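Visitor: Please take these sequences and the hints and turn them into a complete structure.
Here is what each chain is made of, one letter per residue.
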Amino acid sequence: MSGFSLLTALILTPVVAALVVMLIPDHRRELVRPLGVVLSLLPIPLAVGLFLAFERGEPGFQFVEQWVLIGRLGVEWHLGVDGISLLLVLLTTVLVPIALAASGGINHRIGLFVAMNLLLEAGLIGVFLSLDLFLFFVFFEAILVPMAFIIGIWGSENRVYAAVKFFLYTALGSALMLAGIIALALIHRDQMGFISFSYFGMLDLDLGVTAQRWLFGAFLVAFAIKVPVFPLHTWLPDAHVEAPTAGSVLLAGVLLKLGTYGLLRFNLPLFPEATLDFVPLLATLAVIGVIYGAVVAIVQHDLKKLVAYSSVSHLGFIVLGTFALTSQSLEGSVIQMVNHGLTTGALFLLVGMIYERRHTKKIADFGGLASSMPVFAGVFLFIAFASIGLPGLNGFVGEFLILIGSYPTLPVYTVLAATGVILAAIYLLWAYERVFTGEITDPANRQVKDLSISETLIFVPLVALIIVLGVYPKVALDVIGPSTDAVLERVEATTDFSAPQPGNTVATASEDRR
Amino acid sequence: MRGVSYLAVAPEIVLSVGAVIVLLVGVFARRSVRLLGWMVGLIYILAALAIVLQWRRVDAEGAGFSFEGTIFLDYSSVGVRAILLVVAVLGTATAWEMLVGLGSRFAEGVTLILIATTGFMLMGASADLVMIFVALEIGSIALYVLAGIVRSSLAGDEAALKYFLLGSFASAIFIYGGALVYTATGSTNLFVIASGLSGVHVVRPALLLIGMGLLVVGLGFKVTAAPFHSWAPDVYQGAPSGVVGFMAAAAKIGGFAALINILTGGFERYAAAWGNGLALMAAVSMVVGTLLAIGQSDVRRMLAYSGVAHAGFIITGMVGGTVTNSGVMFYLATYAVMLVGAFAAVTTVSGPAASGSSFEEYRGLGRSSPMVAAVLATLMIAMSGLPVTTGFIGKFQVFTSAWDGGYGWLVITGLVASVAAFFFYLRLVVLMYFGKDEDSGPRSKPTRAVRSVLVFSAGSSILFGVFPGPLLAVLERTIG
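Taken in sequence, the protein lines are chains A and B.
Residue 5 in numbering that gives the first Met the number 0 sits at position 6 of the first sequence, and the numbers go up by one each step.
Residue 440 in numbering that gives the first Met the number 0 sits at position 441 of the second sequence, and the numbers go up by one each step.
Since the hints were derived computationally from the structure, they do not count as laboratory data.
There are no misleading hints in this set.
Residues of chain A placed beyond 12 angstroms of chain B at every Cβ, according to the derived structure: (1) Ser4; (2) Leu30; (3) Asp276; (4) His300; (5) Thr359.
These stretches of chain B come out as covered by chain A in the derived footprint (C-beta under 8 angstroms, 3 or more residues): (6) 378-392; (7) 396-403.
Cβ pair distances, simulated, as ranges: (8) Leu30(A) with Val454(B): 25 to 31 angstroms; (9) Ala52(A) with Val454(B): 38 to 44 angstroms; (10) Gln65(A) with Leu22(B): 53 to 59 angstroms; (11) Leu22(A) with Ala62(B): 46 to 52 angstroms.
Please read these numbers as outputs of a predicted model, since none were measured by experiment.
Glycine is no exception: its CB is placed at the ideal position from the N, C-alpha and C atoms.
Guide: Structural data, given as structure tokens:
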């Protein structure tokens, strides 16, 4: 370990940036947003450096930092990164500047807005890097405040309701997780002789099946609300529709991943036996989520709501892959978390931009936009294809791995979930057809300005990443694979479960893919 | 150390002598607010020095008794004094504007604050039920008068009278409990009781248990634990806003200090008996306080009911058998500071001598008075127990202690109550920040003293929320 604490720097840089932005005096407020965007770029080189220096093929945590934070309580500042968290950290650092850059429409209390986004970034990175459950909880819960502020202050008409609903829903979930964390720490003290919240310490505990089930449940509630798993998703459409564009981007792009990340990071390795017990329940809910989210998305009249429900559907895939417990399905889940962050983030940006121009999100108010804003239509179609899972783009890689990986253990569920791919094509392409093709019926749509150059530039990194991950997913899978395999091995080692070895055809297919 | 050690009561001596001098000077120099201000500052500095000396004495010689065993000097009693001194300084700064508004009766108000502080400090250092009662009355009576100090305010009169009547009733219950305990054990001294109980088996403990219960009820009133809380909302709402924070915080600190001393010092052997009783009281307080706070339309009533819930959280930290838990002290100290800070904000919004503070007054505060709003939002977040604040660290500790003691159901109750509590804490934040750009009109700016209180309370809530280590290390020693 070098003297430079890269992971700590990743968390603290946005915090410092937020403080700097808050200190800008009111009469220079025009500086706030540009400076905020520039400052929010600072974590990117750190994250890229992390990605480059990350040792491939190594399943464990790297760049580990560990200091005693509150000795009396056994709390440590304990950070580390592995293949599961690395890409999510990278995704976070990329999405925040994009979200800020796309928030040109926000003039009201801009300093607070930028600061809240930066604090949110710090919290999100902190969640992904924490190896101490106390620390993890602190970040997990602290995120609520900036997010609730972002929705509540800069959202649309119904924002207060949405912000409060978001806050209470997620706070209720994490309250139960806190009880679980306290219980784990005390079990650690009873078994090891000292109180500790260390993730590694928790892995060494000897938990009975009953204890595992209760603890699994406590963690599950917190994460399932965050994902959100059907039927706990009702806060999501409200939050998304009311949130400003930057809020939606970060909410869909990163915040929802906290749930799926938590399931993979904590529920599976810490409570493996309970995991096996919960597979039928979660697989069922996941498939319901996939189909329900897609069907509801089809019938939406509001473009933003459509994208919001598509998230419910996509995250259903990720949950399915997580609980299918095969090498490919877990890999697919992680890469799909990244993919969904990129594509849905981009979709929310697009919806936000069109809303800024037309002040409506109703699909019926549009039509024929392709002729007045061709660049915009092109970008939209491209992102829609990525989201649907067109081969060659990133969505395909994730969904393919999840479906092919889930089939051996959960064949029926997988077949049902596969319909979600078709439904996704229906809701996105039908929406495209209604918004962009045909004759312009409403004269207001004739004068709509196309994407400006700076707006187009915002999409460049997203489009590039979508293509890279679609054409050459190896760059991500090499990082993810060893770590997800380690999770699987952990489940296999502690229970009598054994993941099916891929059969010949499946193996060939996946080898080809790699 | 059975003799008389004046050091054991040095801060009380400083404060009470100081109170007398302030009163006398006030009579002769009616208009010299400035002079009195310097004097009060000096008194607090001397009291702080006395506390430091006490701490060093305990460091050097260990804990000890004096005044025939009625007063003890150990880390915990010194710690309680330190917390109370901080609260008194913050409270005086908050009340200053209101006190100045009293005109010629300015010195009276200052004196009452000093006397109340003396009383509650003594309460935390008393090892004898009679002494605790005397200290309780010294502190409480000063507070009754403070509640009604603005003579022109009808609501203040009502608050004072209500506080006085119900408070006296509670004191009577407390002293009756003390009498029953004396009948059962033959002593009023906690440590004599404890050593007496440890040697013998009480054949018929009913008298003792009833006495113990009555003591708890009497103190439960002071700390606004449900179901003995009904006075709090009216008093918090009616009393002049400048003093409410101090009133609420000081009484809670004194009450909890005495409760801890009685239960652990005197009746540790009966922990099984009072553990369940307290757990019930904690659960009722958390649930009742939270539910009733949700429906309030006045910020001060909301803070009163939230105080009931907080009393429940603090008691939750006591039931785990590990009463002597620095988590309780941490919670108490940090919550007291938040409370004074919140009422300092109320003072700015509603005026220093006002009664009541409706939620509507806070609409758009984030725009018209950003600093007060930011502090109040921070304090609400801290009180609700979200991370990065002392509120979270405090709650975390009391829950851990209760879970450890086998009170899992209480922890779950507390967690659910914490989530429900977001409703009303958040409501204030929503009003201050989430409103449309409506102009809420000009606001009075906080005085410099109030500003310092605001910054201190919000700053310490964050600072010790991120780095609780040093504070915990100090409080660790107070658990004896």
